Amino acid sequence: MAPTRDRRPGFSRRRQYGLFAGYVLAVAGAVVALALLIVSALNPSAFAGARMGAASLTAPVSAALASVSSSLAAAPAEVRGWFTVRTENRRLAAEVSAMRSLVIRARAINWENRRMRALLALRDRDGAPVATARLVSSSVSSTRRYAVLNAGRWQGVRPGMPVRGPEALVGRVVEAGPAAARVLLLDDPASIVPVRRTRDGAPAIVAGRGDGLLDVRSVNATDIGFRPGDLFVTTGTGGLYAPNIPVATAIRAGRDTAAARAVADPAGFDLVRVDQPFFPLPPPPLPAQPTGTGK
Amino acid sequence: MSDEVKTLDYRPFAPPLPPGRARAIPWVTVAAGSLVAILPAVAQVPLLPPLGLLMLLTWRLLARFSLRPWAPVPLGLFDDMLSGQPLGSAALLWVLCFLAIEAAEARLVVRTFWQDWAMAAALAAAVLAAGRLIAAPLDAPLLLPVAAQALGTALLFPVAARAVARIDRRRNYG
Chain A
0 MAPTRDRRPG
10 FSRRRQYGLF
20 AGYVLAVAGA
30 VVALALLIVS
40 ALNPSAFAGA
50 RMGAASLTAP
60 VSAALASVSS
70 SLAAAPAEVR
80 GWFTVRTENR
90 RLAAEVSAMR
100 SLVIRARAIN
110 WENRRMRALL
120 ALRDRDGAPV
130 ATARLVSSSV
140 SSTRRYAVLN
150 AGRWQGVRPG
160 MPVRGPEALV
170 GRVVEAGPAA
180 ARVLLLDDPA
190 SIVPVRRTRD
200 GAPAIVAGRG
210 DGLLDVRSVN
220 ATDIGFRPGD
230 LFVTTGTGGL
240 YAPNIPVATA
250 IRAGRDTAAA
260 RAVADPAGFD
270 LVRVDQPFFP
280 LPPPPLPAQP
290 TGTGK
Chain B
0 MSDEVKTLDY
10 RPFAPPLPPG
20 RARAIPWVTV
30 AAGSLVAILP
40 AVAQVPLLPP
50 LGLLMLLTWR
60 LLARFSLRPW
70 APVPLGLFDD
80 MLSGQPLGSA
90 ALLWVLCFLA
100 IEAAEARLVV
110 RTFWQDWAMA
120 AALAAAVLAA
130 GRLIAAPLDA
140 PLLLPVAAQA
150 LGTALLFPVA
160 ARAVARIDRR
170 RNYG
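Protein sequence lines, in the order shown, are assigned to chains A and B. In terms of numbering that gives the first Met the number 0, the first sequence opens at residue 0 and continues consecutively. In terms of numbering that gives the first Met the number 0, the second sequence opens at residue 0 and continues consecutively.
Please keep in mind that the hints were generated in silico from the structure rather than gathered at the bench. Since the model is a prediction, treat every value here as computed from it, not as a measurement. Every residue gets a Cβ at the ideal spot worked out from N, C-alpha and C, and that includes glycine. Careful: at least some of the hints might be erroneous.
Claimed, not checked - For the chain A half of the interface with chain B, some residues (derived, Cβ under 7 Å), not all of them:
| hint | residue |
| --- | --- |
| 1 | Y22 |
| 2 | A32 |
| 3 | S39 |
| 4 | R50 |
| 5 | T57 |
| 6 | A130 |
| 7 | L134 |
| 8 | S137 |
| 9 | V139 |
| 10 | R143 |
| 11 | D210 |
As the list claims (entries may be wrong) - Label pairs and their computed distance ranges (CB to CB):
| hint | chain 1 | residue 1 | chain 2 | residue 2 | range |
| --- | --- | --- | --- | --- | --- |
| 12 | B | P157 | A | L56 | 43 to 51 Å |
| 13 | B | P136 | A | F82 | 45 to 53 Å |
| 14 | A | V30 | B | P136 | 23 to 31 Å |
| 15 | B | P140 | A | V102 | 39 to 47 Å |
| 16 | B | W116 | A | V95 | 54 to 62 Å |
| 17 | A | I250 | B | L142 | 16 to 24 Å |
| 18 | B | L16 | A | V26 | 29 to 37 Å |
| 19 | B | P18 | A | A34 | 29 to 37 Å |
| 20 | A | P59 | B | W116 | 35 to 43 Å |
| 21 | B | A146 | A | E77 | 33 to 41 Å |
| 22 | A | P59 | B | R110 | 38 to 46 Å |
| 23 | A | N243 | B | Q114 | 55 to 63 Å |
| 24 | B | P18 | A | V30 | 28 to 36 Å |
Let's have the full structure, built from the sequences with the hints guiding it.
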């Protein structure tokens with residue numbers, strides 16, 4: 000095929016100027032885009048309002064699509080359930096009998112724990128959940144790991160609130176719009192959570208890698224020896240996440256750092272709960288007011 | 000094309016689409032590609048190729064007058080609103096793609112489909128790599144997911160080319 004040699008739009012001055020103006024506009028647009036990029040690099044939440052306004056419009060669409068696709072995706076499991084019901088029943092019965100003594104002991108410990116706390120007059124923070132909603136979509140083609148939550152400022156969601164699934168930590172809210180919010184998932188490269196190992200309380204941090212796994216690194220101790228299967232829970236340090244929420248399980252051995260997998264599987268998220276920050280940052284000091292002006 | 004006439008595709012007297020709609024269709028298809036970000040899937044790795052970028056490159060390479068030179072700027076801003084990348088990254092990279100294609104077209108002696116495919120694959124890989132450098136910290140181990148994404152985009156180009164060719168024929172000849 001011959002190359003395109005139609006760069007000149009004929010002898011019409013109007014068309015020639017129009018073509019030229021198009022290129023001028025393109026270069027001007029590139030400059031504006033570069034400026035926007037620099038602004039958002041310096042201040043990542045600069046355009047949160049516009050972005051979350053758009054997300055508030057798309058989140059209901061995603062939620063409707065999700066309800067259709069999840070009912071379709073559930074069908075094979077429903078059918079399989081009919082065939083495996085007997086083996087499943089036998090397995091569950093064995094598990095219940097094995098767990099019974101453990102549950103009795105845990106109840107006794109729980110009761111004793113509550114009594115001890117009352118004796119110490121320990122002040123605990125146990126805030127009510129802010130909102131319960133679904134994660135409806137995510138940044139599927141970006142290297143950042145964000146999910147869109149189907150609840151926003153109208154439901155009380157604010158940036159900085161922790162988000163947890165039924166059994167484990169999911170992430171935290173970074174931007175909130177009227178009816179949608181953006182959640183930074185645990186495996187985003189910018190996410191860091193202070194944790195401790197359940198086995199011996201060794202402190203560590205869990206950092207996202209971006210490729211679906213997490214890195215768990217020891218802090219202020221060397222050679223703490225991660226083993227596959229080690230469970231890590233939040234510490235409450237930093238005041239964002241409440242303590243003792245499961246975060247990650249190590250999947251490889253390592254001396255000071257090891258690969259881990261999040262306990263909560265985002266692909267299977269149904270509902271997540273947005274909580275109050277564990278210890279919210281103190282409000283900014285009020286401007287000094289002249290005293291003694293009472294009537 | 001109507002389905003009942005299979006043997007005769009060429010209909011010189013069929014009325015083409017009204018100009019407003021014909022000009023809007025490329026924009027709509029690129030924006031629809033960007034809207035894959037609202038699909039209800041919570042992914043742990045960058046799973047899907049950037050379909051908005053793929054549609055944009057395909058329109059530019061196959062039907063060069065279908066989009067104005069400045070069209071990538073608003074389309075890229077729309078993509079940035081949904082994709083999770085910092086605002087301005089797609090707008091900047093997409094318009095640079097258009098200028099790169101202009102520069103390449105001025106130097107090419109012949110044009111074949113293979114060249115279009117190679118250009119689309121190279122530009123998509125470059126945009127993905129640049130987007131990864133802009134968005135994520137440098138020490139994140141993201142080489143493999145981004146390479147897989149670039150490969151997927153390159154493999155989807157013929158599909159996008161067929162789709163664009165079909166829409167373009169419908170657009171021009173009714």
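Status of the given 33 to 41 Å range, CB of A/E77 versus CB of B/A146: Given range 33 to 41 Å: holds, Cβ gap about 38 Å.
Outcome of range test on Cβ distance (B/P136, A/F82; 45 to 53 Å): For B/P136 and A/F82 the Cβ distance comes to about 47 Å; the hint holds.
Given hint A/L134 near chain B, where the shortest CB pair must fall under 7 Å: Cβ of A/L134 sits 5 Å from chain B, so the hint holds.
CB-CB spacing for A/V26 and B/L16 relative to the 29 to 37 Å hint: Because 31 Å falls inside the window, the suggested range holds.
Status of the A/V139 interface restraint (C-beta, 7 Å, chain B): 5 Å, holds
Restraint satisfaction for A/S39 [CB to CB of chain B, less than 7 Å]: For A/S39, the interface hint holds, since the closest Cβ of chain B sits about 4 Å away, which is under 7 Å.
Restraint satisfaction for A/R143 [CB to CB of chain B, less than 7 Å]: Result: holds, 5 Å to nearest chain B Cβ.
Verdict for B/P157, A/L56 (Cβ pair) under range 43 to 51 Å: The hinted range 43 to 51 Å is violated for B/P157 and A/L56, with Cβ atoms some 33 Å apart.
Outcome of range test on Cβ distance (A/V30, B/P136; 23 to 31 Å): With Cβ atoms ~26 Å apart, the hint holds.
A/P59 paired with B/W116, Cβ distance criterion 35 to 43 Å: Roughly 38 Å apart at Cβ, these two residues keep to the hinted range, so it holds.
Restraint outcome when A/Y22 is required to lie within 7 Å of chain B by C-beta distance: 5 Å, holds
Whether the CB-CB distance between B/W116 and A/V95 falls inside 54 to 62 Å: Holds: the Cβ-Cβ distance is about 60 Å, inside 54 to 62 Å.
Violated hints, in rising order: 6, 12; the structure is consistent with all others.
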